[in-house]
Amino acid sequence: MTDADTLRMLTEAAAAAAPFDAKRVRGWRDKAPGFDRAQWTVMAEQGWLSILVPEDLGGLGLELDAATAIAQVLGYAAAPEPFVAAGIVAPQLLASCPAGETRDTVLADVISGTKVACIAHLNPSGELAFGSTAVRARKTASGYSLNGEYRFVPVPDADAFIAPVVLDRAEQGGKPDLCQAELLWIDAGLNGIEVERETTADGSAHGWIRLTNVEVPAAAQLAAGDIWPIFDAASDYGTIGNCAELLGNMERCLELTLEFLKTRSQFGQQIGKFQVLQHRAVDLWMNKEVARHALTASVATVMAPDVPAAARAQATSSAKARIGQTALHLGNDAIQLHGAIGFTDEYDLALYVNRAIAIAPYLGNAAEHLKRYGELKQRRMEVST
Amino acid sequence: MTDADTLRMLTEAAAAAAPFDAKRVRGWRDKAPGFDRAQWTVMAEQGWLSILVPEDLGGLGLELDAATAIAQVLGYAAAPEPFVAAGIVAPQLLASCPAGETRDTVLADVISGTKVACIAHLNPSGELAFGSTAVRARKTASGYSLNGEYRFVPVPDADAFIAPVVLDRAEQGGKPDLCQAELLWIDAGLNGIEVERETTADGSAHGWIRLTNVEVPAAAQLAAGDIWPIFDAASDYGTIGNCAELLGNMERCLELTLEFLKTRSQFGQQIGKFQVLQHRAVDLWMNKEVARHALTASVATVMAPDVPAAARAQATSSAKARIGQTALHLGNDAIQLHGAIGFTDEYDLALYVNRAIAIAPYLGNAAEHLKRYGELKQRRMEVST
Amino acid sequence: MTEFTYGVPQEQDWNALGDDEFRKIIRTEFETNYPQELRFLPHRPPFAMVADWWKRMSARGWIAPFWPAEYGGMGLAARKALIYHEEVERWGITRFQDHGIQMVGPVLIQWGTEEQRRRYLPSILNCENIWCQGYSEPGSGSDLASLQTKAVLDGDDFVINGQKIWTTMAHDASHIFILVRTDPNVKKQEGISFVLADMDQPGITVRPIPDMSGYAEFCEVFFDDARTPQDNLVGELNKGWTVAKSLLGFERIFIGSPKLPEYALEVLETVASARGVLDDPVFRDKYVRLQLDVEHLGASYKHFADIVARGETLGADVSMLKVWATEAFQKAADLIIETAGPLGAMKGSTRMGNVDVNVLAPFYKARPATIYGGSNEIQRNILSKAVLGL
Amino acid sequence: MTEFTYGVPQEQDWNALGDDEFRKIIRTEFETNYPQELRFLPHRPPFAMVADWWKRMSARGWIAPFWPAEYGGMGLAARKALIYHEEVERWGITRFQDHGIQMVGPVLIQWGTEEQRRRYLPSILNCENIWCQGYSEPGSGSDLASLQTKAVLDGDDFVINGQKIWTTMAHDASHIFILVRTDPNVKKQEGISFVLADMDQPGITVRPIPDMSGYAEFCEVFFDDARTPQDNLVGELNKGWTVAKSLLGFERIFIGSPKLPEYALEVLETVASARGVLDDPVFRDKYVRLQLDVEHLGASYKHFADIVARGETLGADVSMLKVWATEAFQKAADLIIETAGPLGAMKGSTRMGNVDVNVLAPFYKARPATIYGGSNEIQRNILSKAVLGL
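Chains as they are written, first to last, in our numbering: chain A, 7 to 391; chain B, 7 to 391; chain C, 53 to 442; chain D, 53 to 442.
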């Protein structure tokens, strides 16, 4: 566990380096790449992109609670930068891959901010591509040839995508071997890659990536064999980071709402004096607090030394099931408590609510995680009895 | 549809003949038979027990909306008399059975109030006994020999039970033929019948009936073959009656609550002036109103001429899914709006809330009917596409 | 009865027809002539987009179904009016200038002078004028009577200064009716007047306000020494509150129609089908609960519609329809997002399996529904006081 | 430090032990000696039923875990006190006379005279006296400070007239502490005093009030010229409000413990298993939601427990625990009834498959939980004001 002083310093530094800037946030909407490369460099310089990466790999070597502290500040600032996808998941996954020339190089590029990378893994229906035929890889003399598509890729203008592929096996008559997968570093500039930007609620975009006979060099292999343990671990870390970003988002939504309740008057009194609105505000606050404590508990479980994968997954889903739902409800109620102004584009609340809608489904929405939590809990209870 | 004037007259007469009487209601708690046979006779004299029975069978020959008007008044009065079970379901089922000496005699006894009868059909786990082995019937020279048990019988001290039985078939090696059932009139006084009274929340009781080598005469047969269409129809009528009783219950709970909000003061003002309590009261009222309109719509569907069984069942479950849930929620919130007094035994609200808890599961609680509604709706949509 | 002729003469006495016959005529007109691409629009369209249709309605004399026939309306009695409205909703006919048709017409017919009716009703009927409603102000949303926009007499004109907000489609309107304060020294409801004004003047500035989905349906309207002739006062001076309140007629039922939640349930079913969860028991449980909420909204709507059809007056309890309808709509919209998984983030139309779905459209439509038209908090205040007597 | 000896001497300095070691000692005592049949009682039992156990605790010097050792308590610091409480809850130890232990003791230790302490503390510690709390009145529930019961000095005695209500286990108590109005002419909080009285006198009548489950845990207490010596005034005259408020210490956390909702989840699982729906997806969805509610209550409880363990003072925000815990408890109790089907009607213990379950017990326990101990509406008022600044 990171000590309280370090966490406080990190949070203060982050709040100073990434304050809320309405003009900047609005400026990047509906505009590629959807965020500020200059700000990304600032974030790299602060060490945030390497926060979880061990020191011997050039990182800060801090723990998950430090990464969530940053994510929370960025959520509070409604920052458009894809910190969770490209600053937590990608470096964490790369750092978990076996050392090697490619891995070492791209990890250094990623944590220096030189290259922005994120994972691509979902097929167009929104399921994990593994086991589906959405992307097929064939071994060639020089490496791989890829065909298929990934959708819901959180950084459509990334420099590279880290993607699991399943290989067609000659010995199986060209059918994929579903038990074997590889993790590839796919340079976005390769021939045959077409990226469609699908705009999300907050004016940023997801990428729908279509690969047609894309020739990827053999050196692009980051890991092979049973890649899922490291992939799942990085996903869980990303989910926790996403929870922290949503928590920051909620905190600001609630603050805006309380400020509004204290300033707006109707019927000759401050509307925050109406008991119905008071109790509604209390419920928002209480749900936000419970979400906060749930995250704290889950972070502690996830970063415990030698935590079993199932316990890590359950704790992760526990937090996301709570926060994914609370964030959307809180946004909704914040609008209602504001009245008409809360639904306008020019009032800042809309930026937060749209941002929450856009990021809440990342790596699984609340309902998906509730289901996963229930399954894991049942399985673990059966094992223990 | 019964005309509005008749309905109003019925309701007024019922309110006069069965007013709320706290002392009477309390007096019958935890005491067999749990209700007033003298009052039952009054109800018979008013014609309520034959309200749905065709005139040529000695009944009033009115429609379902007339029966629900009575049930609603009785619910409003928290009357302990088992009108729905013994005054709607039993006569309706008997009237649907083929004419015959037994049927004609017992129907006359039931609608005159001379004999109180109700259906017995659930096994001890709460499932319909049909298809289970909870009660086995064997043909004998003189009639039937029964073994097994029925539980959750709403009138444990009834004079007779109308029960579906499945016959053991000699040609099947003594195994039951699940496709053939008979409906029997089982006199409660027969040898081998033991009735355990299980007290319910309101101080009345359900019967757990154990049958050991009970010899039932052949003449006890009311119907044979495919008895389920008439059984299901009577159950649906009973469910609608139960909804009406719960609606009356809700109306009185809400009235008590509004009266309390208007008289009780705290912090120097009538508590009904606190906005949070106002809105809570509005929600109770609104939910009660929606429940009322839902029931009206379902009653209209159910009593439409030549309504298909599936449409009748769906409309029935639609009403019960709504009302079964609303009644319990309304009771809960009525207690909360009262504060401590609302939870005491000596304040009348408790009689209503406990009564609602006791009768809400009859013929299936809200969750069971929600499920049935969903299944029927899906099936009918598939048929229509 | 006036000698002046408004609009076009009616083809027949609609109220004399049987319900089914009347419905058939309406439905045939709609199904035959209303353009497919304009059905179920996600937003209120600008007039230009729907002009052909409304001009057709105008030419046929159907543009003002609820106005009396002598003023150029169809003169539908409540029973027929409900059928007309049901068919409009069923076919997804878009709304247009309901402020002219729904508000200005009825107000002038009840409160206006003969001169005012002759001046304004024909140009509503022939689509020449498009009206908007200037009620809310930045400082008076729920507390409408606290409005501050002032009108002062200067010769024959009122001179108007102040600001209105949430003025629906003001950027598409030629005229506005406004509540203005004409006497600041009396109880707040008593110093308000109802006046009409031409938008085409230098004293009026309109600024559209995009909502969080990016669409601008609402505007701010600024009045800087805007002028309108004294003749444009409707009803007596300082009695504007009474004029405005008189509009709460049977049309209050429409805001609680089951149509929008039903539309959301349709989107939900499409999304669930594309996501392959239509038969998932957990999804079905939630879906069936919503279906019941909407079915029972329908049962409640029918209760009030029957009152209207009998020609009786609606009570304050009709507010429950709006509360229930908008909250069911929101629940359905939220469940759409949840069911859509990663597609719940997508703005605008997006591909789901074989269909294109605008996943967030119900959300953006449902969310403000509990705010506009008297917020649900205000509705509950009204119900508490007027119905429960608290 | 007093020369007088209270209770029995402590075996050791508990706070000097490691947490695990301390927990082991407590747990061993409980598991070895607390009677199985008294674990997890559905109601607060009369003293006679649990006398042996409490006399054992008394003899061992464990009856007052949170009192200072010099007054006969175990002298547990917050950290150890939490562990003690966790073990009490874990093993389902029943509550008994918490008003003597939780209220009278701490009040006398803080506000009492040496004489009062010597008179009353030993007989709390040895179970001779059993106390009840006379706060609420028929006219003052949520608005406690509006209480009307009067005490007037007559010679050396207070003469008390009035009525208390919702007095827990008054029919089982020998003594009562009451808030009485001693000055009717000042602001309502300022004319109240805190006095002790012997219940065994003709001026005091107790009437039990059965609740809707039929059990009488609460009573009305009538005072008709009841008398108590002036010496039984605790703190200054007319400063009783301050005395009463001083008790809001770290024990406020206990009312928000996850224990009761956890117990309801256990009953729910038993019921679901007996009904064969434990693997039904729709049931599981609801069940898992509740499990999450309770798990996250645990996470929140831990947050506040950590504050207590650090020896810091709890803020007003701790009220959220009570709100969340009691509402989760109610949701679980409601789901038990729903899941039980026809068994949801049954009063008392009833057969379900192979087990006997009291299906309604969680409901009857959960329902008043949002009313007692400061209703959840009052808690939300407090949170709104003290935490959100509204």
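No lab work stands behind these hints, which were simulated from the structure alone.
Accuracy of the hints is not assured; some may be wrong.
[To be verified] Taking CB as the label site, the calculated pair distances span:
#, chain 1, residue 1, chain 2, residue 2, range
1, B, Ala19, C, Glu364, 58 to 64 angstroms
2, B, Asp115, C, Arg79, 34 to 40 angstroms
3, D, Thr294, B, Gly274, 54 to 60 angstroms
4, B, Trp234, D, Gln88, 47 to 53 angstroms
5, C, Glu364, B, Glu261, 42 to 48 angstroms
6, C, Leu93, B, Ala19, 53 to 59 angstroms
[Stated by the list, open to error] Pairs of lysine to any residue, SDA-like flavour, derived with a Cα cap of 25 angstroms:
#, chain 1, residue 1, chain 2, residue 2
7, C, Lys76, C, Arg112
8, A, Lys145, A, Thr205
9, C, Lys417, A, Gly274
10, B, Lys294, C, Ile77
11, A, Lys294, D, Val211
12, B, Lys279, A, Asp36
13, D, Lys354, A, Lys145
As the structure is a prediction and not an experimental result, all values here were calculated from the model.
Where a beta carbon is used, it is the ideal one built from N, C-alpha and C, also for glycine.
Verification of the supplied hints:
1. Between Ala19 (chain B) and Glu364 (chain C) the beta carbons are some 26 angstroms apart, a value that contradicts the proposed interval 58 to 64 angstroms.
2. A hinted range of 34 to 40 angstroms for the beta carbons of Asp115 (chain B) and Arg79 (chain C) is inconsistent with their spacing of about 55 angstroms.
3. At roughly 22 angstroms, the beta carbons of Thr294 (chain D) and Gly274 (chain B) sit outside the given window of 54 to 60 angstroms.
4. Separation of Trp234 (chain B) from Gln88 (chain D) is about 49 angstroms and conforms to the stated range, judged on CB atoms against 47 to 53 angstroms.
5. At about 24 angstroms, the beta-carbon gap between Glu364 (chain C) and Glu261 (chain B) misses the expected band of 42 to 48 angstroms.
6. Taken as a hint, the range 53 to 59 angstroms holds for the pair Leu93 (chain C) and Ala19 (chain B), whose Cβ atoms sit roughly 55 angstroms apart.
7. For the proposed pair Lys76 (chain C) and Arg112 (chain C), the alpha carbon gap of about 16 angstroms is at most 25 angstroms, so the pair holds.
8. Distance hint between Lys145 (chain A) and Thr205 (chain A) is unfulfilled; the C-alpha atoms sit about 34 angstroms from each other, more than 25 angstroms.
9. This hinted pair does not check out: Lys417 (chain C) and Gly274 (chain A) have alpha carbons roughly 31 angstroms apart, beyond 25 angstroms.
10. Restraint check for Lys294 (chain B) and Ile77 (chain C): the C-alpha separation of about 38 angstroms exceeds 25 angstroms, so the hint is violated.
11. The hinted pair formed by Lys294 (chain A) and Val211 (chain D) fails the criterion: a straight-line CA distance of about 51 angstroms is larger than 25 angstroms.
12. Distance hint between Lys279 (chain B) and Asp36 (chain A) is unfulfilled; the C-alpha atoms sit about 49 angstroms from each other, more than 25 angstroms.
13. Simply put, Lys354 (chain D) and Lys145 (chain A) have alpha-carbon atoms about 53 angstroms apart, too far for the 25 angstroms limit, and the pair is violated.
When held up to the earlier numbered hints, the structure conflicts with 1, 2, 3, 5, 8, 9, 10, 11, 12, 13 and fits the remainder.
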